[in-house]
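Go ahead and model the full structure; you've got the sequences and the hints to work with.
Number of protein chains: 4
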Amino acid sequence: MEHNFSPTTYYSTIGSHEPALNVSSGDTVVTATIDAGGWHANGEFIGPRGNPQTGPIYVEGAEPGDTLKVKFEKIWPNRPHGFCSRRIAPHVLEPGDPNMVDLSERLTFRLDFENSTATVEGGPSSLSDLTVPIQPMLGCFGVAPARGQAISTATSGPYGGNMDYKGFAPGVTAYLPVFVEGALFHLGDGHAWQADGEILGTGIEISMDVTLTLEVIKGKEIGWPRGENDDYIFTAGNARPLDQATQHASSEMLRWLQTDYGLDSEEANFLLGMHVEYDVGNIFDPAFTMVCKLPKSVLPK
Amino acid sequence: MEHNFSPTTYYSTIGSHEPALNVSSGDTVVTATIDAGGWHANGEFIGPRGNPQTGPIYVEGAEPGDTLKVKFEKIWPNRPHGFCSRRIAPHVLEPGDPNMVDLSERLTFRLDFENSTATVEGGPSSLSDLTVPIQPMLGCFGVAPARGQAISTATSGPYGGNMDYKGFAPGVTAYLPVFVEGALFHLGDGHAWQADGEILGTGIEISMDVTLTLEVIKGKEIGWPRGENDDYIFTAGNARPLDQATQHASSEMLRWLQTDYGLDSEEANFLLGMHVEYDVGNIFDPAFTMVCKLPKSVLPK
Amino acid sequence: MEHNFSPTTYYSTIGSHEPALNVSSGDTVVTATIDAGGWHANGEFIGPRGNPQTGPIYVEGAEPGDTLKVKFEKIWPNRPHGFCSRRIAPHVLEPGDPNMVDLSERLTFRLDFENSTATVEGGPSSLSDLTVPIQPMLGCFGVAPARGQAISTATSGPYGGNMDYKGFAPGVTAYLPVFVEGALFHLGDGHAWQADGEILGTGIEISMDVTLTLEVIKGKEIGWPRGENDDYIFTAGNARPLDQATQHASSEMLRWLQTDYGLDSEEANFLLGMHVEYDVGNIFDPAFTMVCKLPKSVLPK
Amino acid sequence: MEHNFSPTTYYSTIGSHEPALNVSSGDTVVTATIDAGGWHANGEFIGPRGNPQTGPIYVEGAEPGDTLKVKFEKIWPNRPHGFCSRRIAPHVLEPGDPNMVDLSERLTFRLDFENSTATVEGGPSSLSDLTVPIQPMLGCFGVAPARGQAISTATSGPYGGNMDYKGFAPGVTAYLPVFVEGALFHLGDGHAWQADGEILGTGIEISMDVTLTLEVIKGKEIGWPRGENDDYIFTAGNARPLDQATQHASSEMLRWLQTDYGLDSEEANFLLGMHVEYDVGNIFDPAFTMVCKLPKSVLPK
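So the protein sequences, as listed, match chains A, B, C and D. Every letter in the first sequence is one number past the one before it in the numbering used here, and letter 263, counting from 1, is 263. Every letter in the second sequence is one number past the one before it in the numbering used here, and letter 258, counting from 1, is 258. Every letter in the third sequence is one number past the one before it in the numbering used here, and letter 287, counting from 1, is 287. Every letter in the fourth sequence is one number past the one before it in the numbering used here, and letter 164, counting from 1, is 164.
Derived from the structure by calculation, the hints contain no laboratory data. Nothing false has been slipped in among the hints.
Lysine to aspartate or glutamate pairs mimicking DMTMM-like chemistry, simulated, CA-CA at most 20 angstroms apart:
| id | chain 1 | residue 1 | chain 2 | residue 2 |
| --- | --- | --- | --- | --- |
| 1 | A | K296 | B | D196 |
| 2 | D | K296 | C | D196 |
| 3 | C | K296 | D | D129 |
| 4 | A | K301 | B | D129 |
| 5 | C | K301 | D | D129 |
| 6 | A | K296 | B | D129 |
| 7 | B | K296 | A | D196 |
| 8 | B | K296 | A | D129 |
| 9 | D | K301 | C | D129 |
| 10 | D | K296 | C | D129 |
| 11 | C | K296 | D | D196 |
| 12 | C | K71 | C | E221 |
If we take Cβ atoms under 8 angstroms as the criterion, some of the chain B residues that face chain A in the derived model are:
| id | residue |
| --- | --- |
| 13 | E94 |
| 14 | N99 |
| 15 | L127 |
| 16 | A195 |
| 17 | G197 |
| 18 | P241 |
| 19 | F270 |
| 20 | G273 |
| 21 | M274 |
| 22 | V276 |
We put the beta carbon where it would ideally sit given N, CA and C, even for glycine.
Right under this line is the structure:
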């Protein structure tokens, strides 16, 4: 079944909020997200600042210990302008680096849908018309965390959250551990473009049209967000420092290789060690994100 | 001028050792490295274990405050077998992860030069013939560090060292800060293949034929190793935790953008924030390596 | 005014829950906490596991940007037995340390109120009757965090939380930043004894009688929990890694020295650098706690 | 036997340098150290900057796998003035903290030996005559590290080095792992006073008279520096981040409790968890120092 869902409330935490929509496992949801600053596709300010979330979506049958599978069929900007910060976060630079700039005003990017590009308006002088391709992604999505928590959309954890990983793009399938009945899926923080690490604290922040399909995998327990696309399977660890995020992602991949690919611990160690690729998600937020990837081509059949 | 240099001594530290070869700026050196375990191309054990280094090579005219440019024209295995560890380092996994395995025996890989592949002999059961392409790189190279230090080839720092970054491959040009007269360039630790992070503690460890050209850039002062290939410029930060390695790499790139590409601090922040890509070098050793990259296509002309 | 408050609900998050008690600024509250496992003074299991909190207490007049002053007049065990874990957390030890033990059963301590001691029952052989003095403290207390969050009592942040600092003992005054109307003060997780770091994951966990006085300091904005006792003023930073916790605590102390002790930035740097003492709070939980202390004797009059 | 040793060379690395003195196990050495900046007791500049070291002292019979026991009988300033920095290191404060000051000029402290105090000359205004007690300590000492390394006295490791722990004071006994024949003991970097963490980058830097007794403990292998005084035994872990330093110190203490105090792994976990105290050594240098302490009063007889 397909649901057309026009959200009217937006949360700045991911938590056990009143469901905004109820769906069955396998249903598709056609919806939209407002931008990280609370601005709607139509240009109105309607949500709280700081990655306001569409949802939560209650998925029938989801229970703690299950996994929620989320196929992102579509993520595409639904308006022709986004905003972007212009200074790298101090903690990404050497302590006391004189190149820490203090520039709080944001830049506007105009989208050219015909050419699939975004161009800054009035960037710093020699970059006054910096242009990038539109490569849409969702920076923040997740399920309600354990213990009745409601956690700021500024950060992330085992439940997902503000991972800002550019691999969460159209066509990807994400997997999330379910901690509460109905899973309570949230989504928001669309970016028309983002580099690694989101070190500016933003990508090109924009409202999005999103189509996704939600499915409950009963009795499958995972520890951290996972994903797959045509070429890779991957896991995301969310913690500080980046070393700890790396530990979660790597251990989660070892578990995955054993439960789903028939490897034993020794084989999983060897295969991962021989083929791992790491991608850096968010290194701006309270929790950093490290992604541990394996090419599908090297996985056992 | 081209030097054919057959090393006879190998150091397990990078430091102010007696030069093994003197060259002029711009000279090319055709030489070889033994493997990380001290084994020569001919199968003999001749060097100390732990990334024994060929060199040091004294480059005439190099002084503290200069930069040494190293063009790696050739890095290619000079024997048909290498060795590899089989277990992921405990610190790369979650504390107490039951998938930490304790397997110290190493695996042998056989190289097929015709097909440019390497195949394991007797890998763990379902991976008994795991095969990878030959993608050679140097895991450890650098110049003598400051203050007369001699630092173990197990680790790395501003002078280079054991970075285990697979981007240090044939065709790349590396740049290193010079701390002592003559720079004193060392090289070793060739890998026929390595995944990100060197999380096994090894790649496919093998002896190599190496051809490189050394050039002094007078009066150019840099803070951390840099590199460039056809598509990217990059900087390497070496420290623990990975967060600090990231700071060094990112700050170094901001400096580079200003001194060589005519950007001011504000422009450098914005350009790097919009286009940065991070690659994970070594996360096995005492110091971890994070690489900060920018595509050449986005650099100002 | 004094309130006798017998809690009936306990939260395992610190958040914007329905107030369980309303008080005026300056009021004293005589209340009790159940233990970290949910066990009441009377031996009944009545709360959720994991540092269930008494409260929240709404303090009239408290608004975001104010500070809540909490004087702990009394913290004392209200039953004669507590429990304790027996194994050091894996992440406190070297990765792969063979001394990581896997012992999940807990030990019981019997309290001797006459001698103010606690003695283990059946500790590991040669420590079968290990005895410590009763030195009560509260491991976890805080105010509702910003953005409507409800955060697990397993962790900590600017709002306080599970800091497990043994300096939060009877006689201490704590200061907390107010993020929501009424501040919403929570308390729990009493320990009859705890070493530095809470590296077992517990102290001697016990229910407590607590008397405290709550006061709103209008218009005083602070960034992190603070405290003072007869001899010291101190600040608590809560984050991972411990280095970051140290940064928050140190920067908060610099701010305090300027706003309340008439020092300028230069003087504050020098005084803190000459006299700082650091205490390690929790290094078990998701966020670690570092405490930055200055002796009152060195403060300007 | 007692040696009066007047050093004439000073090293800014700890390494396998030519011995400056040979002693037998059990001998006492009466010597002196110059200050961290290279200034002698007599006011002359005679050494390299950056913690120049007296030594190395070769101890007959010491071999890799042994332990060197160093009893510091005397550490006392041998001149009436020392110097001190005045700004907290940027990395000790929150990234971008506006209270990072940029003050490179150093302050002079005058020592009053009659009253055992040190008073600053011209401190920042309200602290113009800040006075502290003389509490002497050695900031940097150690033995030659493994693999023929020579490591900057700016940092530290398993071999000791620049730990800046105020517990390394007169009367303490330190234990160091021996990596090379003769151990090659170095010492320097005396402080007349230092707070925790050496967050200014200096204590009160001064030249010292030092008397110490060196003894080889054959066949005793330890992993990290250890110490004991009247009240405590302690271990020092040297690494970044502070979390890793904590791991080394804690694991080393677990090992000590088993080899020397007859505890098994389970007992050692419990005893350490119940009684550990952590002290923060250097958090200024490339490697940080965390000290893990246990009161002697709780150790098994």
